[in-house]
Amino acid sequence: MAKKTHTELSRDLGLFTITMVGVGAMIGAGIFVLTGIAAGTAGPALILAFAANGLVTFLTALAYAELGSAIPEAGGGYLWVKEGLPGPNAFLAGWMSWFAHAVAGSLYALGFSSYLGFMLKEMGVLTLAGIPIEAAIFQKGLAVLIALIFVAINFKGVSETGLAGNIVTMAKIIIIGIFIGSGLYAMFNEPASWEKFTPFAPEGFAGVLSAMGLTYIAFEGYEIIVQAGEEVKDPKRNIPRAVFWSLAIVIPIYILVAITAIGAIDTGTSQATWQWLGEYKELGLAEAARQFMPLGTTLLLIGGILSTMSALNATTFSSTRVSFAMGRDRNLPDFFAEINEKTKTPYLALICSGGLIIFMALAVPIEDVAAAADVMFLLLFLQVNMAIITIRRKYGDKLDYGFLIPFFPVVPIVAIILMIGIAVFMFHFSPIAWYFVIGWISTGFVIYYTYARKRKRMKSASPVVLQQSMPIEKERYRIMIPVANPSTSKRLIDFAAMIARAKGGELVLVHVITVPKQAPLRVGQQFIKRVRDDVLDEAVEIAENHDLPVSSVMRIARKPAKGIIDEVEERNIDMIVMGWKGSSKHSEAILGSNVDKILRDADCDIAILRGDNFGEAENILLPVAFPQSAKLMFDIGKAFEEEQGSKINICHVIPPKINNNKEAKEERLESLYEVINEDKNEESEAPKRTINVQVSKSVVSQIVRLSKESDIVVLGAAEEGWFRKMVAGSRTEQIARLVKGNLILVKPRRGSIKSGLQDVIEFFRSKEPESNE
Amino acid sequence: MSIEDLKDQGILLPEKEWGEHNLTTTVSKIPIFLLFIFSVLGCLLTFLGEGKFWTWIGIILFFCSFFGVIILCDRAIVNQRKRTKREKQEIETSES
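Top line first, the protein sequences correspond to chains A and B. If you count by the numbering used here, then the first sequence holds residues 189 to 961, one letter each, in order. If you count by the numbering used here, then the second sequence holds residues 213 to 308, one letter each, in order.
Hints are computed from structural coordinates only; laboratory data are not their basis. Heads up, none of these hints are tricks.
Here are some chain B residues pointing at chain A (derived, C-beta under 7 Å):
| hint | residue |
| --- | --- |
| 1 | Val-239 |
| 2 | Lys-241 |
| 3 | Phe-274 |
| 4 | Cys-285 |
| 5 | Gln-292 |
For clarity, every value in this text was computed on a predicted model and none was experimentally measured. Just so you know, even glycine gets a beta-carbon here, dropped at the ideal spot from N, CA and C.
Throw the hints in and build the complete structure from the sequences for me.
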């Protein structure tokens, strides 16, 4: 076997460095731009908003610490959602992440233009190219210009990492440190400062919640620690520690910034300091610094400009990379993954991301831009908290954890509830932000269901490599028989032919050539001739003896189940007839991994045959329990009756408790009678079928007892409550294991809504990890 | 991504160790629960203090208890690595 090469980045970031990366990402544009706006929303209770946000974000940080230590790969949240959640979640995680980073970019572009405009004003420049710098057109125009500059920088392939990035981080931490130090000094020298915190929450708790939602983006920087996971020394230890320590550093800093911004300034009027900060919005912090900090405004403006520039660079880079990855994964059109030959950058993804940043900066006021980014990040983290529950369930015993969440899964569930609460409450603060979020997510759903899902399926489809068909009538009942072994195919084909005759149907013979993951699918083509000669031709000959329309197909797939399910979907198969040896190699599988997957995912009637003799059956036992499967069981029994003259015994076993409850018993039997006498009407001469009702404490053992007097038992898939199944396993499984003779397990087709719902439920219930097909 | 991909990237434990490691947390549950509750109480006091004395007591309580929570998590990470190392040794010993 060829040895695989695994490309890895060099691990040279220690605990201190990686903690500083997280701190640098958090103490940045968010705190510079949003403190003023949030103070105007919450009042002095901004302090509380920061503390409470710290607790909420700590709950998600626990998830990041656990998953970041167990799966320390670049990709972080997006990767885990892809791993842990079903259906469109992976697509949506990428789609939302793209929007969230792009909108954050718009926020920083607008923040930059405000800070630069303010600096020009401080320098005495009141107009530029004839446009007053305080005019909205100037601010928006400058935001567009800086966004374009960073699109150009990213096009050249210059990243924000490296020495310049570290200098910027250190500079802004120093500036914030001076701000806090001089603010506290001023407060302790002016006792009246401490009175500015009353009233504490002038806008009530609603104001606190709004401020929490608005500033949430300033707490999401620990995501960067996980993103850099592949470069961290001893990641199982250092990643979770860096996540926690970065929060331990940042949260007190935010609270101290809030305390000094509110307590250290003097408005000179009766206006409260929080209202004063709110009026200055994104420039609130810079204005506050003017009063108590040496070179305050200048330093704060430099800090704000540097922070917004580095944050804009980072978000332009990350939103481009997310859309590029989605294009590469075929979730978005291929052009998103196109790389410029000269600069080696994904230029079209960059242009689209730049367009999104510019659009949001132009279309929406700054506080609504911030709110939209916040809601999107809240929804993204919510998905991560959901994913951690399924990842622990599916991979828990296979992963090497550096940290495990206490009180699992209560903590992620509480985090989910809190984040939903804050996100929903943001509607109160900014309905516009929610309209954009809803519009974006809805568009995402439409793209997923009309485009991305189909492309993904096409990518993973098992190709048809041989097809020999008779003309197929659309309305015929189509029965598929997967054939692999000529010695066992005959009984399957004979049985399928019997059903096809009864239903006026046709047969489709399928063989799936399996190719291991290590080899490309085309390797399977070398087996086509051999399989056709040894397996398929013989099966076709047997089938043609039944004088029924027959077609045959050969597919190549990683696993037989994949080829069979693809065939069911592509040819609208009505029924699968397949064999089962009666045992499973895998302890986690019920009937076998392939049979289980087909039972779970194939949306058609399924009959699974165990045993050798289905040709001369005198007595057929049909232990009916649920109307859905009773219909299919009865159709099969009737086919035996018509073809072989078999006697069918339709029985229903009920526990004594239900037998004593006349109403419940009648209700049960009535629905079953309705199904088995469906074709009998008032004028029908044939006698109506009767159900042999058996009363027993143990349904399983009674059916097993009755099976001893029958040649074949037809058993329906159970539709039992999830709790019972979880505690005791399905009755069908138990009976199937205990019945010794010939057995036919049947499962009827699910409705499409039920099918989709069941897929989702199965995903969350299943402990089995997903497998590559 | 699938289990095969995770295996290829060397993220999963060796197969012989699957199901052999303890999945209970090494975080001291009662202390962290109490400290977290104190952090929440700190927030509550901050709110109810109306910007006066109890607000500052609430902030101090929040700082102290939140820092305590972080210390407990940090200790749990160190203990988790020790436990994993010990479990790996036990698996190897039982194999040999």
